[in-house]
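K.L.:
Residues per chain are reported as follows:
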Amino acid sequence: MDEFWQESFVARGIDGLEMQSYPPGAPITCRPDWRPAKGRPAAALEVVQAEALDSFNLRYAICNVLYGGQVAVSETMGAAICAAINDWIKAEWLDRDVRLRASIVVPAQAPLLAAEEIERVAADLRFVQVLMPVACEMMLGRSYYWPIYEAAVRHGLPVGLHAGSMYRHPPTSTGWPSHFLHDYVAHQQTFEDQLLSLVASGVFVKFPELRVVLLESGVTWLPAFLWRAIKTWRGVRAEVPWVKESPAETIREHVRLTAQPIDAPLDAKSLDRVMNQIGSDRMLLFATDYPHWQFDGDDPIPPGLNPALVRRMRIDNPLETYPRLREAKP
Amino acid sequence: MSITAELAESKQEANLGIIDCDIHPYFKTPRDLDAFLPERWRRYVAEYGYLTPGPYASRLTYPRFTPNVCRRDAWPPGGGLPGSDLPFMREQLLDRYNISYGVLEPLLGGNAARNLEAMAALCRATNDWQAQAFVEQEGRLRASILVPQDDAEAAVDEIERRAGDWRFAQIQLASKTTEPLGRRRYWPIFAAAQASGLSRSACTWLARVARRQPVVGRSFTSRNTTWGSTRCRTKLRASFWKACSRRSPGSKWC
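As you go down the protein sequences, you meet chains E and S in turn. Anchor point for the first sequence: position 104 equals 104 in my numbering, and the numbering is continuous, going up by one each time. Remember, my numbering sits 1000 above the position in the second sequence when you count from 1.
Everything labelled a hint here was simulated from the structure, so no lab data went into it. Check before you lean on any hint, since a few could be wrong.
[To be verified] Only part of the chain S face toward chain E is listed, based on derived beta-carbon distances under 10 Å:
no. : residue
1   : 1021
2   : 1024
3   : 1056
4   : 1067
The beta-carbon is built from N, C-alpha and C at its ideal position, and this holds for glycine as well.
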């Protein structure tokens, strides 16, 4: 950070910018066996190496920082924090373990500043994605956000939408829930809304090379959502004539999902069926969501997935989604 | 009587005290409220915080211009937040300015929690804390009754619990309610206030993003401050006086 911001944060006593979406003490925020007795989870490289990189035998791990810049009400403060985070992740993490990659965190509340940050950082090929929270100030298909997509596409970077909210609006379409449980489950609604917005606004027509990744969105809601989107589009497609193909085709081509949580049904057989109903084996990306508490034990992949799909999730789909992963530069 | 004697007499009788209607007490440590909370809510706060409608888990939406939005000379020499140290409060405020009475206005977030049961528990605990940690130790201070305003029944319960308790001078409502204060859902609170004989204050709450209020455009602290006061005034003026003055002619507001 430059001198102005350094002094601002210290003199004004601004600290503790953890997002409301992940209250530090909440069970979802950290699995109990990953929660240190003192200090923050996943805060030291040695800890992350032991608990995640080595433990899950990872060839690459993409670091997605969720912190205050991405949700700040001030455009300039948000941009300053995001830039600092990107510099920090490079110096303290990427430079110290060759397996690590990262997303460029951007202030989506200020799309022009977000595009500038992408420009500033994208030359470092260890940054493989642009990251935003899924719930922003407007629907993400709006042209207001197009400078972000334009910059991302120009640098061959997918745009990642992660579970999490700027909380400018209620988490649901009918108001503010009373419980965190509701907030968290209601994210599914937000992911659906944003996909509809991107498709209906013609973002994938304007940016045919754009890939969007949904992170920590859950997976099993996808088929039913696609069916409803197809059906409704057939009825009212005259409203959006630039959407020349079924929304399901567009989404299967342009959208990817991290498979943590999968939100699997209780029996393994049903999970396999749901995965088939998605209609594509190219969409899912292996993920642990470390240190969030999504599974117990050593295996992030639930039982019931067919081995061919698992192989695609672990290797082929990530390499295809994040082309920069092929360039293994230190 | 001679003029000199009259002047001497009037000097002895004149002793102008001040009533300070807005003193903000703070916790020494975040754990201070634990002693006043049932275990269930202690654990809830440890896991989820206060779950208020804003982007941050443990702080206010708008970063303030000074730490804890307090004057820089108010940090007690012995440590802790400004407003948390009673001896220093006496020295710096109560004794220095000859404060006869001071009304505590906690801005600690209990009445901003989205979980209404948590809101009720936090309000009750904050009220107990004010009474024990401040009012009972210092006879010049009086507490405000925080109420879970979005749950009128629980709010009335809290008011009736404290009515007649000398340690409490007024009811506090957060200015950021879910709907404008003149709406009927809040009238049971005003009726209870009327019955209890307590006045009500609506403190401008600068700290949180309002529910159902647009935030876009309010990027800076100074704009938020103005907006908060405007909204506070607008609420009171537009809907509230009309409705409630008519209904509760004896009510007092500050």
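K.L.:
Would you mind marking each hint as holding or not holding in the structure?
P.N.:
Going through the hints against the structure:
Interface restraint check for residue 1021(S): the shortest CB-CB distance to chain E comes to about 26 Å, outside 10 Å, so the restraint is violated. For residue 1024(S), the shortest C-beta to C-beta distance to chain E is roughly 16 Å, which exceeds 10 Å, and the interface hint is violated. For residue 1056(S), the interface hint holds, since its Cβ comes within 10 Å of a Cβ in chain E; the closest pair sits about 6 Å apart. Among the interface hints, the one on residue 1067(S) holds; its C-beta lies about 3 Å from the nearest C-beta in chain E, closer than the 10 Å criterion.
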